[in-house]
Amino acid sequence: MKKYYFIILLIFFATKNYSQAKYQIGTLPSLNISKSLKNNWKLNLKTEFRQLFKTGVFKEESISKYEYVHTDVAFNLSKKVGLNNTLAVGFLLRITEGETKQRAIQQFTLVSNFNNFKLAHRIRTDQTFSKTESTEIRVRYRITFNKALNGLTIDNKEYYLKLNNEYVNSFTGNIYDLEYRINPNLGYVFSDNNKIELGIEYRNNGFVNNDNRSRFFAVINWYVNL
Amino acid sequence: MKNILFLSLFILSSLVFSQNKFEKESRITIENVPQIAKAFVFKLTPSKKVKWYLEEGLKTQSIEAKTKYNSKKYSIEFDTSGQLEDVEIEIHYKTLPKSVKDAINKHLKSVFLRYKIQKIQIQYSGTPKNVLTALKNNNLLKDNITTKYELIIKGKTQTSKNLYEFTFNAKGNFEKNSKIILKNTDHLEF
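Top to bottom, those sequences are chains A and B. Just so you know, we're using my numbering here: the first sequence kicks off at 1 and counts up by one. Just so you know, we're using my numbering here: the second sequence kicks off at 1001 and counts up by one.
Since the hints were derived computationally from the structure, they do not count as laboratory data. Check each hint, because a few of them may be wrong.
Under the rule of at most 27 Å between Cα atoms (straight-line distance), these lysine-lysine pairs were calculated in the DSS-like manner [claimed, not checked]: (1) B/Lys1049 <-> A/Lys80; (2) A/Lys38 <-> B/Lys1048; (3) B/Lys1101 <-> A/Lys147; (4) B/Lys1136 <-> B/Lys1068; (5) B/Lys1183 <-> A/Lys46; (6) A/Lys80 <-> B/Lys1068; (7) B/Lys1161 <-> A/Lys38; (8) A/Lys147 <-> B/Lys1154; (9) B/Lys1072 <-> A/Lys157; (10) B/Lys1073 <-> A/Lys79; (11) B/Lys1072 <-> A/Lys42; (12) B/Lys1154 <-> A/Lys38; (13) B/Lys1179 <-> A/Lys79; (14) B/Lys1179 <-> A/Lys35; (15) A/Lys147 <-> B/Lys1179; (16) B/Lys1136 <-> B/Lys1156; (17) B/Lys1109 <-> A/Lys147; (18) B/Lys1171 <-> B/Lys1183; (19) B/Lys1156 <-> B/Lys1066; (20) B/Lys1072 <-> B/Lys1048; (21) A/Lys38 <-> B/Lys1183; (22) B/Lys1051 <-> B/Lys1119; (23) B/Lys1073 <-> A/Lys147; (24) A/Lys147 <-> B/Lys1136; (25) B/Lys1101 <-> B/Lys1156; (26) B/Lys1059 <-> B/Lys1136.
Some residues of chain B that are not near chain A, with every Cβ distance over 12 Å (derived) [to be verified]: (27) Ile1036; (28) Pro1046; (29) Val1050; (30) Lys1051; (31) Asn1070; (32) Gln1083; (33) Tyr1093; (34) Gln1118; (35) Ile1122; (36) Thr1127; (37) Ala1134; (38) Lys1154; (39) Asn1173.
Virtual Cβ for every residue (Gly too), placed ideally from N, Cα, C.
Could you put the whole structure together from the sequences, leaning on the hints where they help?
This is the structure we're talking about:
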């Protein structure tokens, strides 16, 4: 329970410290489909749909209106290179109303198994190409804590807790930005190949450039393995 | 003839090496634990921090108590009626007798190109009275106690890297093994 208080406090202080900052509130549902191939190869398709319902500046008037932001469609090809390590490369299309951006992705994941929880480390680099903007290069690190809410391991028809914390370093031309993300989720395992997660994601960026922005998303993730 | 021999070898090696370990465990409250099992654990350890689990295999069910006693992790397994099956204590590899270490390593070297021992448990079984007396008096080399070693091994063969559970007897002679099926981790990767 202490963990939940910690997250709420963190979000509260982040919001308080940047009380003149912009904010956005929206939803971020995603569908994640994987297909296992021979020799530890795997194909993964992830699609994510972002929409906003409220935007504004803290302590000032807000605007409540629906806004479609974008749809992401990502294809990843991964190879398990060790018992707990996976390398992946991918390609993402970000479809907005004006244009479609393209992103190349490279990532390494290490999942450590402990007695009653899992800890996953993900190092990802990506490059986003756009016709209207400079190329954005990002270096990201995500740590994920995953624990069964009943027993020591996450079994079928059981709930679990998943807590993500990610740091995203972004370089666009001469501009550097850092974003941190905190994302607690409650998950449910229908079967080892079918899981669903409900959570909130808090993202904060711009604080290194005095242009702070907080974003809050309601998240639903559905993971299917064919 | 060559093909038949190859096929037989393949089937035999599959039988020896492809037993998969499946276990599902869930927390249970102390009210759902048979009295006889509770009594054994309370006699063994004064610790009040005992967690009880129902363990389900493909064909079997058991009740397991997990606790810490004298800075050691204990897993005490019972059948569903509360009869003691075994007591497992997590130990360090270096505390094994040299002859046992040598025998275990000799076997593992014959199976794997490379391996790493991730966890070792010493397993005691026998009548509840004998096991309890032996554990209380720290006198575990008695004839009326069966001692085994259960190891979790990360092993690399010519074709794959997997996690295995191996059981060796008190002298370090191989008894059985099974491959541990790792769960899908897509939700931690993407």
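Now for the hints, and whether the structure bears them out:
1. Taking the CA atoms of B/Lys1049 and A/Lys80, the gap is near 39 Å; set against the 27 Å cutoff, the hint is violated.
2. Distance restraint check for A/Lys38 and B/Lys1048: the Cα-Cα separation of roughly 49 Å exceeds the 27 Å cut-off, and the hinted pair is therefore not satisfied.
3. With a C-alpha separation of about 34 Å, the suggested pair B/Lys1101 and A/Lys147 falls outside the 27 Å cut-off, and the hint is violated.
4. Taking the CA atoms of B/Lys1136 and B/Lys1068, the gap is near 14 Å; set against the 27 Å cutoff, the hint holds.
5. A C-alpha spacing of about 20 Å is found between B/Lys1183 and A/Lys46, which places the hinted pair at or below 27 Å, so the restraint holds.
6. Distance restraint check for A/Lys80 and B/Lys1068: the Cα-Cα separation of roughly 36 Å exceeds the 27 Å cut-off, and the hinted pair is therefore not satisfied.
7. Only pairs whose Cα atoms come within 27 Å are accepted, and B/Lys1161 paired with A/Lys38 is accepted, the gap being roughly 14 Å.
8. Restraint check for A/Lys147 and B/Lys1154: the C-alpha separation of about 22 Å stays at or below 27 Å, so the hint holds.
9. Simply put, B/Lys1072 and A/Lys157 have alpha-carbon atoms about 32 Å apart, too far for the 27 Å limit, and the pair is violated.
10. Annotation: proposed proximity of B/Lys1073 to A/Lys79 is violated, straight-line Cα distance about 36 Å (limit 27 Å).
11. Our distance criterion of 27 Å between C-alpha atoms is broken by B/Lys1072 and A/Lys42, whose separation comes to about 40 Å.
12. Distance check on the hinted pair: B/Lys1154 and A/Lys38 sit about 21 Å apart at the alpha-carbon level, within 27 Å; holds.
13. Proximity of B/Lys1179 to A/Lys79 is assessed by CA-CA distance (about 21 Å); at most 27 Å being required, the pair is judged to hold.
14. In summary, the hint linking B/Lys1179 to A/Lys35 is supported, as the alpha carbons are separated by about 22 Å, within the 27 Å threshold.
15. The hinted pair formed by A/Lys147 and B/Lys1179 meets the criterion: a straight-line CA distance of about 23 Å does not exceed 27 Å.
16. For a cut-off of 27 Å, the pair hint linking B/Lys1136 to B/Lys1156 is broken: about 39 Å separates their Cα positions.
17. At most 27 Å may separate the alpha-carbon atoms for a hinted pair to count; B/Lys1109 and A/Lys147 exceed this at roughly 34 Å.
18. As the CA atoms of B/Lys1171 and B/Lys1183 are separated by approximately 33 Å, the hinted pair breaks the 27 Å bound.
19. For the given pair, B/Lys1156 sits about 31 Å from B/Lys1066 by alpha-carbon distance, which is inconsistent with the 27 Å threshold.
20. Proximity of B/Lys1072 to B/Lys1048 is assessed by CA-CA distance (about 15 Å); at most 27 Å being required, the pair is judged to hold.
21. A threshold of 27 Å between alpha carbons decides the hint, and for A/Lys38 with B/Lys1183 the separation of about 17 Å falls inside it, so the pair holds.
22. Between B/Lys1051 and B/Lys1119, the direct Cα distance comes to roughly 20 Å. Compliance with the 27 Å bound is thereby established for this hinted pair.
23. In summary, the hint linking B/Lys1073 to A/Lys147 is supported, as the alpha carbons are separated by about 20 Å, within the 27 Å threshold.
24. For the hint linking A/Lys147 to B/Lys1136, the alpha-carbon distance of about 34 Å lies beyond 27 Å, and the restraint is violated.
25. Using a Cα cut-off of 27 Å, the hinted pair B/Lys1101 and B/Lys1156 holds, with the two alpha carbons roughly 19 Å apart.
26. The straight-line distance between the Cα atoms of B/Lys1059 and B/Lys1136 is roughly 33 Å, outside the 27 Å bound, and the hint therefore fails.
27. At roughly 23 Å from the closest C-beta of chain A, the C-beta of B/Ile1036 stays outside 12 Å, upholding its exclusion from the interface.
28. Even its closest Cβ contact with chain A, about 23 Å, leaves B/Pro1046 beyond 12 Å, as expected for a residue assigned away from the interface.
29. No Cβ of chain A comes within 12 Å of the Cβ of B/Val1050; the nearest lies about 14 Å off, and the non-interface call holds.
30. Distance check on B/Lys1051: its Cβ comes as close as 9 Å (rounded) to a Cβ of chain A, failing to clear the 12 Å threshold; non-interface status is violated.
31. Remark: the non-interface label on B/Asn1070 is consistent with the geometry, its nearest Cβ contact in chain A lying 18 Å away (cut-off 12 Å).
32. Non-interface status of B/Gln1083 relative to chain A is upheld: no Cβ of that chain comes within 12 Å, the nearest being about 22 Å off.
33. The beta carbon of B/Tyr1093 sits about 17 Å from the closest Cβ of chain A, which is more than 12 Å, so the claim that it is off the interface holds.
34. Remark: the non-interface label on B/Gln1118 conflicts with the geometry, its nearest Cβ contact in chain A lying 9 Å away (cut-off 12 Å).
35. The claim that B/Ile1122 is not at the interface with chain A holds, since no C-beta of that chain comes within 12 Å of its own (minimum 17 Å).
36. The beta carbon of B/Thr1127 sits about 28 Å from the closest Cβ of chain A, which is more than 12 Å, so the claim that it is off the interface holds.
37. Its beta-carbon lying about 26 Å from the closest one in chain A, B/Ala1134 satisfies the requirement of being farther than 12 Å from that chain.
38. Look at B/Lys1154: its CB is around 6 Å from the nearest CB on chain A, not clear of 12 Å, so calling it non-interface is violated.
39. Remark: the non-interface label on B/Asn1173 is consistent with the geometry, its nearest Cβ contact in chain A lying 27 Å away (cut-off 12 Å).
The structure does not agree with the numbered hints 1, 2, 3, 6, 9, 10, 11, 16, 17, 18, 19, 24, 26, 30, 34 and 38 stated previously, though it agrees with the rest.
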